[in-house]
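Enquirer: In order, the protein sequences belong to chains A and B. Residue numbers for the first sequence follow the working numbering, so the first one is 1 and each next one is one higher. Residue numbers for the second sequence follow the working numbering, so the first one is 1 and each next one is one higher.
Honestly, the hints are just simulated from the structure, not real lab data. Heads up, some of the hints might be wrong.
For each label pair, taking beta carbons as the anchor points, the in silico distance ranges come out as [said to hold, decoys possible]:
hint: 1; chain 1: A; residue 1: Met-1; chain 2: B; residue 2: Asp-147; range: 31 to 37 Å
hint: 2; chain 1: A; residue 1: Ala-67; chain 2: B; residue 2: Asn-42; range: 38 to 44 Å
hint: 3; chain 1: A; residue 1: Arg-18; chain 2: B; residue 2: Asn-42; range: 25 to 31 Å
hint: 4; chain 1: A; residue 1: Met-1; chain 2: B; residue 2: Glu-69; range: 19 to 25 Å
hint: 5; chain 1: B; residue 1: Arg-111; chain 2: A; residue 2: Glu-71; range: 40 to 46 Å
hint: 6; chain 1: A; residue 1: Val-38; chain 2: B; residue 2: Glu-48; range: 31 to 37 Å
hint: 7; chain 1: B; residue 1: Val-20; chain 2: A; residue 2: Arg-18; range: 33 to 39 Å
hint: 8; chain 1: A; residue 1: Asp-64; chain 2: B; residue 2: Asn-40; range: 39 to 45 Å
hint: 9; chain 1: A; residue 1: Arg-31; chain 2: B; residue 2: Asp-147; range: 24 to 30 Å
hint: 10; chain 1: A; residue 1: Arg-61; chain 2: B; residue 2: Arg-73; range: 24 to 30 Å
Computed far set for chain B versus chain A, every beta-carbon distance over 12 Å [as the list claims (entries may be wrong)]:
hint: 11; residue: Ile-5
hint: 12; residue: Pro-13
hint: 13; residue: Pro-16
hint: 14; residue: Met-28
hint: 15; residue: Ala-30
hint: 16; residue: Gln-46
hint: 17; residue: Glu-69
hint: 18; residue: Val-71
hint: 19; residue: Arg-86
hint: 20; residue: Trp-135
Since the model is a prediction, treat every value here as computed from it, not as a measurement. Just so it is clear, CB atoms sit at the ideal spot from N, CA and C, and this is done for glycine as well.
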Amino acid sequence: MHVRVELFGRTSSQTGERSVDLEVAPGATLRDVAKALVLRHPVLDWILAVCRPARNLEYARWSDLAAEGDEISFIPPVSGGCPLEEVG
Amino acid sequence: MSSPILVQVIDTPLDPAPLVRFAEAPEMGAVVTFSGNVRNHNRGRQVEYLEYDAYRPMAERQLHAIAEEAVERWNCRIAIQHRLGRLEVGEPSVLVVAACAHRGDAFEACRFAIDTLKERVPIWKREVWEGGEVWIEGERDAPVSADGS
Numbered sequence: 001m002h003v004r005v006e007l008f009g010r011t012s013s014q015t016g017e018r019s020v021d022l023e024v025a026p027g028a029t030l031r032d033v034a035k036a037l038v039l040r041h042p043v044l045d046w047i048l049a050v051c052r053p054a055r056n057l058e059y060a061r062w063s064d065l066a067a068e069g070d071e072i073s074f075i076p077p078v079s080g081g082c083p084l085e086e087v088g
Numbered sequence: 001m002s003s004p005i006l007v008q009v010i011d012t013p014l015d016p017a018p019l020v021r022f023a024e025a026p027e028m029g030a031v032v033t034f035s036g037n038v039r040n041h042n043r044g045r046q047v048e049y050l051e052y053d054a055y056r057p058m059a060e061r062q063l064h065a066i067a068e069e070a071v072e073r074w075n076c077r078i079a080i081q082h083r084l085g086r087l088e089v090g091e092p093s094v095l096v097v098a099a100c101a102h103r104g105d106a107f108e109a110c111r112f113a114i115d116t117l118k119e120r121v122p123i124w125k126r127e128v129w130e131g132g133e134v135w136i137e138g139e140r141d142a143p144v145s146a147d148g149s
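Just need the whole structure built from these sequences, with the hints factored in.
Expert: As structure tokens, this is what we get:
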């Protein structure tokens with residue numbers, strides 16, 4: 001199935017892209033989508049350790065399932081200076 | 001009464017005056033304005049300028065959710081604007097204006113909105129100084145380019 005990953009901030013400056021279209025297997029979780037993105041852009045290998053996933057503009061969990069047509073993103077800590085939250 | 005919420009992510013200089021006019025209402029006896037401005041120093045560095053980037057549709061949605069929560073909790077009228085792009089030292093990057101019947105609630109609503117914005121809204125700043133640049137990610141400095149520079 002097809003999902004679109006939106007890139008911004010560091011994920012954008014390190015890849016030179018604003019979005020990436022990915023094909024993932026049905027039943028893929030947001031963690032699986034992140035792994036597929038890292039395969040495409042190995043420079044983003046830090047996202048699983050650092051980011052919170054978001055699905056269709058809302059924060060989500062790594063174990064949440066992706067669905068066909070989803071807009072997914074991986075959100076680094078924002079600039080305000082909050083401590084890292086639980087990212088599992 | 002008109003909607004109590006105005007939320008915008010914009011690319012042009014910020015001006016508090018129209019936000020104050022939006023928030024004001026006959027029953028609101030207290031109007032608190034917060035302006036977050038670009039500071040000339042950060043973590044021991046002499047900041048030259050900041051470049052803000054956002055996941056814009058999610059940022060707007062999260063800002064709206066914060067404003068709704070503030071209205072729910074403090075019965076306020078509230079306006080929030082965040083600017084993106086290159087900002088020079090001294091320029092405002094974010095404005096929050098909260099209007100309530102009384103000042104205690106207005107201060108609390110304004111404080112809640114800016115604090116929560118800085119935890120939750122997907123907006124980042126790239127800090128540039130003479131000889132270097134980083135993305136500010138929470139407490140961390142993060143490299144801007146793929147080779148770690």
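Enquirer: Each hint should be assessed against the structure and marked as holding or not.
Expert: Verification of the supplied hints:
no.: 1; hint: Met-1/A to Asp-147/B: 31 to 37 Å; verdict: 34 Å, holds
no.: 2; hint: Ala-67/A to Asn-42/B: 38 to 44 Å; verdict: 40 Å, holds
no.: 3; hint: Arg-18/A to Asn-42/B: 25 to 31 Å; verdict: 26 Å, holds
no.: 4; hint: Met-1/A to Glu-69/B: 19 to 25 Å; verdict: 34 Å, violated
no.: 5; hint: Arg-111/B to Glu-71/A: 40 to 46 Å; verdict: 32 Å, violated
no.: 6; hint: Val-38/A to Glu-48/B: 31 to 37 Å; verdict: 32 Å, holds
no.: 7; hint: Val-20/B to Arg-18/A: 33 to 39 Å; verdict: 35 Å, holds
no.: 8; hint: Asp-64/A to Asn-40/B: 39 to 45 Å; verdict: 42 Å, holds
no.: 9; hint: Arg-31/A to Asp-147/B: 24 to 30 Å; verdict: 27 Å, holds
no.: 10; hint: Arg-61/A to Arg-73/B: 24 to 30 Å; verdict: 26 Å, holds
no.: 11; hint: Ile-5; verdict: 17 Å, holds
no.: 12; hint: Pro-13; verdict: 19 Å, holds
no.: 13; hint: Pro-16; verdict: 20 Å, holds
no.: 14; hint: Met-28; verdict: 27 Å, holds
no.: 15; hint: Ala-30; verdict: 25 Å, holds
no.: 16; hint: Gln-46; verdict: 19 Å, holds
no.: 17; hint: Glu-69; verdict: 15 Å, holds
no.: 18; hint: Val-71; verdict: 20 Å, holds
no.: 19; hint: Arg-86; verdict: 14 Å, holds
no.: 20; hint: Trp-135; verdict: 5 Å, violated
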